[in-house]
Structures are given as C-alpha cells and as structure tokens.
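Residues per chain are reported as follows:
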Amino acid sequence: MSGGETGLAQYVDTTVSVITNDGRTIVGTLRGYDQATNLILDECHERVYSSKSGVEQLVLGLYVIRGDNIAVIGEVDDDKDASIDFSAVRAAPLKPVTH
Amino acid sequence: MLFYSYFKTLVGKEVTVELKNDLAITGTLHSVDQYLNIKLNNIRVVNEQKYPHMLSVRACFVRGSVVRFILLPPGSVDVELLHDATRREARGG
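Protein sequence lines correspond, in order, to chains A and B. The first sequence begins at 1 in our numbering and counts up by one. The second sequence begins at 1 in our numbering and counts up by one.
Read the hints as simulated data drawn from the structure, not as lab findings. Virtual Cβ for every residue (Gly too), placed ideally from N, Cα, C. Treat the hints with care, since some could be wrong.
Claimed, not checked - No farther apart than 30 Å at their CA atoms in a straight line, the calculated lysine-lysine pairs in the DSSO-like style are these:
1. Lys13(B) to Lys52(A)
2. Lys52(A) to Lys80(A)
3. Lys80(A) to Lys20(B)
Unchecked claim - Just some of the chain A residues that point at chain B, by a computed CB distance under 8 Å:
4. Glu5
5. Ala9
6. Val12
7. Asp13
8. Arg24
9. Thr25
10. Thr37
11. Ala71
12. Asp81
13. Thr98
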C-alpha cells in the first residue's frame, strides 16, 4: 500500500485545530497552505487552556502561520466540537516543542 | 529516502507518534511524505485526561520536524533487512 495524499488539500475549507511549537492551540478554517506547511487560517480563535479555570477563547481573525512554528494540524469534527463544554475543560497548557 | 520508503510500507497500520512537546498520538497511518510529515486517521491521544486539547480531532497531520519517535506495531520491522539497507545507503547506494 503506497498510502493516501499527504498534502493538506483534503483539509481546505474545513475547521482545523493547529498546535503551534510554543504550545498554543488555534482553531479556524483552513483557506490555504504550501509545501513548507505555511497556513492561511480564516476566522480563527485561540483556545487558552488552564488548569485553574475553563478554556478561554480569544478571537484572532485571519492569520497566516509560518510552517516552522507548526506541530500538528487536526481535522476537527464540528459536531463533536460543538458538544464539548469547554468551560468545564481544565488542562495545563501544552509544553513548547524542544528540539 | 530509505525511511520514507520504509514508512510507506507501514501505511494502514496503527502507530503511536510521540512529539517533541511530549504529546503522544495513536492512530492509523494514512500517509507519509519526503519530509516524514505524517497523517493519521482515527486518532486518540495517549493520556487524554492530561491532554484534552485534541478531543474533537479525528484525523491529523503531524509535521515531521516535531516528531520525537514513532512506536511501531510488533513484527512490522525486519531489523536485519533494514540494517542492511541503511548500510547500503550509507555506502552511497
């Protein structure tokens, strides 16, 4: 089996959750990408995790994220995402990536 | 290109990818590219209590540069064969 397409074409115009190298989680609609994993994210917001209080959402707007800073791009299941009560989710922020 | 070829043979198998931020993600290997970027389907995060950051994510793309290591399914690697191939590649083909 040679496998599927590794590009991000199948994620375009869907909601994605991006984890950056400094541990931030940014959720938005993927509008574009390139071979260096630079991303264009539309209508995005940051989810700030805290072990003391629920998840805080900060509205960011349109972002271009440089590929160097990206760790994971997750395809979000919108129905499942809507069913989560983020005000009740408590977790320490993710650690930054250390090379 | 050797490990790229090797990972292509693992497509469809379940692997666990540990990232350089200590996050570990288990999922079915969907694809891999020349940078060893990896796509996983049907993912779950190891220790979801501690890491609920990807609860609504079912598939993901992991950038090759943040992978610390990949846990392979048992029996999926012929160590002798891979060993010989790496030595051949080191000699320049």
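Could you tell me which of the hints above the structure violates, numbers in ascending order? Violated: hints 1, 5, 6, 7 and 8.
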